[in-house]
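Using the sequences plus the hints, can you model the full thing?
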Amino acid sequence: MATITLNAVKKTYGKTEVIHGVDLDVADGELIVIVGPSGCGKSTLLRMVAGLETITAGEISIAGRKVNDLEPHERDIAMVFQNYALYPHMSVRKNLAYGLKIAKIPTDEINRRVAKAAKMLQLDDYLDRKPRQLSGGQRQRVAMGRAIVREPAAFLFDEPLSNLDAKLRVQMRMEIKALQRELGVTSLYVTHDQVEAMTMADRVVVMNAGIAEQIGPPLEVYRNPASLFVAGFIGSPPMNFINPALLSDIAPAEAETLGIRPEHCALTTAEAGRLSGTVAFCEALGADTLVHVRMADGSLLIVRSDGDPIETGEAVGVSLETPEILGFDSDGRAIRS
Amino acid sequence: MENRVTFNNRWLPFLLIAPQLLVTLVFFFWPAGQAVWQSMYLPDPFGLSSEYVGAENFWFLFEDPYYRASFATTAIFSSLVTLSSMSVALFLAVMADRVIKGSGAYRTLLIWPYAVAPAIAGVLWLFMFNPSIGVATYWLKVLGYDWNHVLNGTEAMGLVVAAASWKQISYNFLFFLAGLQAIPKSVIEAAAIDGASFAKRFWTIVFPLLSPTTFFLLVVNIVYAFFETFAVIHTITAGGPRQDTTILVYKVFADGFVGQDLGSSAAQSVVLLFIVGLLTIVQFKFIERRVHY
Ligand SMILES: Nc1ncnc2c1ncn2[C@@H]1O[C@H](COP(=O)(O)OP(=O)(O)O)[C@@H](O)[C@H]1O
Ligand SMILES: [Mg+2]
Chain Z
1 MATITLNAVK KTYGKTEVIH GVDLDVADGE LIVIVGPSGC GKSTLLRMVA GLETITAGEI
61 SIAGRKVNDL EPHERDIAMV FQNYALYPHM SVRKNLAYGL KIAKIPTDEI NRRVAKAAKM
121 LQLDDYLDRK PRQLSGGQRQ RVAMGRAIVR EPAAFLFDEP LSNLDAKLRV QMRMEIKALQ
181 RELGVTSLYV THDQVEAMTM ADRVVVMNAG IAEQIGPPLE VYRNPASLFV AGFIGSPPMN
241 FINPALLSDI APAEAETLGI RPEHCALTTA EAGRLSGTVA FCEALGADTL VHVRMADGSL
301 LIVRSDGDPI ETGEAVGVSL ETPEILGFDS DGRAIRS
Chain R
1 MENRVTFNNR WLPFLLIAPQ LLVTLVFFFW PAGQAVWQSM YLPDPFGLSS EYVGAENFWF
61 LFEDPYYRAS FATTAIFSSL VTLSSMSVAL FLAVMADRVI KGSGAYRTLL IWPYAVAPAI
121 AGVLWLFMFN PSIGVATYWL KVLGYDWNHV LNGTEAMGLV VAAASWKQIS YNFLFFLAGL
181 QAIPKSVIEA AAIDGASFAK RFWTIVFPLL SPTTFFLLVV NIVYAFFETF AVIHTITAGG
241 PRQDTTILVY KVFADGFVGQ DLGSSAAQSV VLLFIVGLLT IVQFKFIERR VHY
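Line by line, the protein sequences give chains Z and R.
Start counting the first sequence at 1; every next residue gets the next number (our numbering).
Start counting the second sequence at 1; every next residue gets the next number (our numbering).
Accuracy of the hints is not assured; some may be wrong.
[Claimed, not checked] Have a look at the derived ranges for each label pair, beta carbon to beta carbon:
no.: 1; chain 1: Z; residue 1: 39; chain 2: R; residue 2: 277; range: 19 to 25 Å
no.: 2; chain 1: R; residue 1: 182; chain 2: Z; residue 2: 29; range: 38 to 44 Å
no.: 3; chain 1: R; residue 1: 286; chain 2: Z; residue 2: 69; range: 41 to 47 Å
no.: 4; chain 1: R; residue 1: 199; chain 2: Z; residue 2: 333; range: 49 to 55 Å
no.: 5; chain 1: R; residue 1: 200; chain 2: Z; residue 2: 7; range: 31 to 37 Å
no.: 6; chain 1: Z; residue 1: 69; chain 2: R; residue 2: 199; range: 18 to 24 Å
no.: 7; chain 1: R; residue 1: 199; chain 2: Z; residue 2: 122; range: 34 to 40 Å
no.: 8; chain 1: Z; residue 1: 94; chain 2: R; residue 2: 228; range: 36 to 42 Å
no.: 9; chain 1: Z; residue 1: 243; chain 2: R; residue 2: 182; range: 52 to 58 Å
no.: 10; chain 1: Z; residue 1: 14; chain 2: R; residue 2: 27; range: 29 to 35 Å
[Unchecked claim] Listed next, the in silico EDC-like pairs over lysine to aspartate or glutamate satisfying Cα-Cα at most 20 Å (straight line):
no.: 11; chain 1: R; residue 1: 200; chain 2: Z; residue 2: 193
no.: 12; chain 1: Z; residue 1: 94; chain 2: R; residue 2: 189
no.: 13; chain 1: Z; residue 1: 10; chain 2: Z; residue 2: 53
no.: 14; chain 1: R; residue 1: 200; chain 2: Z; residue 2: 76
no.: 15; chain 1: Z; residue 1: 101; chain 2: R; residue 2: 97
no.: 16; chain 1: R; residue 1: 185; chain 2: Z; residue 2: 53
no.: 17; chain 1: R; residue 1: 200; chain 2: R; residue 2: 56
Just so you know, these hints were derived from the structure itself, not from any lab.
Nothing here was measured: the structure is a model prediction, and the numbers come from that model.
Backbone N, C-alpha and C define an ideal beta-carbon position, used for all residues, glycine too.
Right, dumping it as structure tokens:
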């Protein structure tokens, strides 16, 4: 069992710094999801933990042991890749056993572990197939299995679900989460999908341009985003941003931008609301409807409404749950009240 | 939806393939036909008339110890050329695949030998190893080795193998490098995380995944060693000393054009034709089912 510690970790390629000093403490058995837009440095960070990229500055420890100068296989980690990275010429069984054979583990122990993992992942019937004879979901499971049989101190996942279709993705993220709980293995999970982050993580790390903007439990991050970036990235539909001039009576003095989630807005008659505008368009999701309202200043505000879609062009008022309004200063930092 | 070009004039397609067809007929089928025809005739010593002898040229050929020796020479020569040019090329490709800085220049330099004409490549090696004035010979002498491939058959064989392989390395290198770069990087990384050393990764992951390329090159290199090394042999050893570097193709030339034994020479051509046919079938069979892992 293991903890992972990142201390002021930096990475530069040539002269460009892509990771600008990340600190992170992962508790034993915790599932940390690193989330952020494409190109923000998630993979680079994960690969530094794995030992596939050198660490330019800072220190990474796994289970209390500094690993900066250790080879990947000496770090006692297992990694699941986006494209699964299965050995195409080997059967599922051989894929699972490969690492164990190299570690010179006795054959009966290898067989026992492979059988156990195959059972856990419902791969028993496919052990003699080659990867190309498997579906995407099954390949994903083999990649998981290859990580599990090693019984490592930590799992590292790099967007493991992004090659699957939407439905399978929902199913697999629950399976991975359940598996991780059951095995209790410390895990770092990288994704660009904020829904994956919200649903799977014990704590999320929201990354932006090589910086960890916020680290915390998903709901905490959702309710109290530390910055404009986090507020806009976490949540779907994203948080509404409003010019404080429109709400000058309640806006904090130093606020440059105000934010409110669509579920904290409601539609009223044109006269009654705090804000008013015309309906630009509606997205009916079934259970509720996202009403996009065009404000007087031309910006759009999304209201999550439980009513039916409304005619485009209709004049509406929007009422706000004022305690839920967040203020952000000129640097995009949240203003704590 | 059918995606094909349709011609309104039914003669136009024939007109368009006519030049290629003509070239094939005149330069391939006609000489091949001539060879088959001649292989069944025996010309008189003055070349004025020829007599039909059926398969006699062939029987004579297979009983000729020199011809059998030439078969053995060819087997040794082509195995050595194929083995050395492929293994050196694979080694260089694996190294080039790891190079990040300056890889462009490195690769370009490795490809150059392929642009050298076979006869010129032969002459280059001949000069380097010339028993009296060669640079390499001089250095070998300094090291205490007396090189003379004009007298020593083994040395002659070594020299033609080196010259022939040297040219082919570039070609093999290109294919191996392309093959290596087609292997997903993450597969190699997964193996590294699984604890496989560089050598272990090479033998258990990289080499098996390269096997389609390796097999393709194997056939190409055997064909090369059999049929396209004439110029190298001709410039360096002219088949000698004695018959030590007379491979089958060279013997066709030596017997037919130098020895003027046209019947036997034609029969030898037919044997070679047969070998090419076999190799081509092997290659096509393989291309049909390329992915075999
Ligand atoms: N080998 C490399 N050389 C130079 N720049 C790189 C290299 N790998 C990644 N980068 C850069 O580092 C940044 C972060 O990349 P990456 O970690 O892959 O992002 P993410 O996984 O979050 O999409 C990107 O701007 C990318 O262009
Ligand atoms: Mg990535």
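- Non-conforming hints, listed in increasing numerical order: Violated hints (numbers, rising): 1, 10, 11, 15, 17; every other hint is consistent with the structure.
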